[in-house]
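Participant: According to this note's numbering, the sequence shown holds residues 390 to 592 in order.
Don't read these hints as lab results, they were simulated from the structure.
Treat each hint with caution, since some may be false.
Straight-line Cα separation of at most 16 Å, EDC-like style, residue types lysine to aspartate or glutamate; simulated pairs [stated by the list, open to error]:
1. K558 / E579
2. K532 / D448
3. K451 / D499
4. K455 / D499
5. K404 / D529
6. K411 / D529
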Amino acid sequence: MTGIHKLRPSSAKYKEIWDANKVFKYLFTIKVLPKFTYTALLNKTLVLCKMFGLARSSDLVKWSFKGLNITTDSIRGPVINAKEQRKDGVLSILELTSLDDTYTQKHQSDSVFINNDGTPLQVNQINEVVLSTLSKSGIDTTKFKSHSTRSAMASLLLSNNVPFHVVKKMGRWKSNDTVDTFYDKRIIGEKSGGFLNNVVQLS
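Please model the entire structure based on the sequences and the hints provided.
Facilitator: Printed below as a string of structure tokens:
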């Protein structure tokens, strides 16, 4: 298979990528207030995790809680089963605040991302959420699919002078060539700086 790959190497799907700032600006309009539905807040959290984790949908569907601490106000626990985990064994902590008194009764599994009925989201459902958010953000979803979030976010980070080795580690890519060929793309309508600085501080 290695020999075939060298004779017929894979080519990049996109020559340029959408501006992730457009998605952040849309998500910024979804305020974390009780009047917003659970679904709206789930969508916002899921898309942000996918983008800032440079995650695949298949990664997110595996995110699960272990040793849940469920109270009337929140569900709290370490995130396991995720490629985003650092190899040093430190577990990420994710805390979700409930929107009503019934939410804690809905969580029927250890999955982080669940439907209103408590069942875990599947890969196709995560893709639907992402594509819906991209479309509402003005991204052409006939051209760009759910997986394009990895390229969009990697390109944005690199254009904001985040070190190459940091982005490579975040994306869990093994080679520099993979990043250069498939993920670091010219951002459509790119301008210097951007909304990213208002969303997260990177050191």
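Participant: If a hint holds in the structure, say so; if it doesn't, say that too.
Facilitator: Cross-check of the supplied hints:
1. K558 / E579: violated, 24 Å
2. K532 / D448: Distance ~23 Å between K532 and D448 Cα, so the pair is violated.
3. K451 / D499: holds, 10 Å
4. K455 / D499: This hinted pair holds, its Cα atoms lying about 7 Å apart.
5. K404 / D529: holds, 14 Å
6. K411 / D529: holds, 12 Å
Checked against the numbered hints above, the structure violates hints 1 and 2; every other hint is satisfied.
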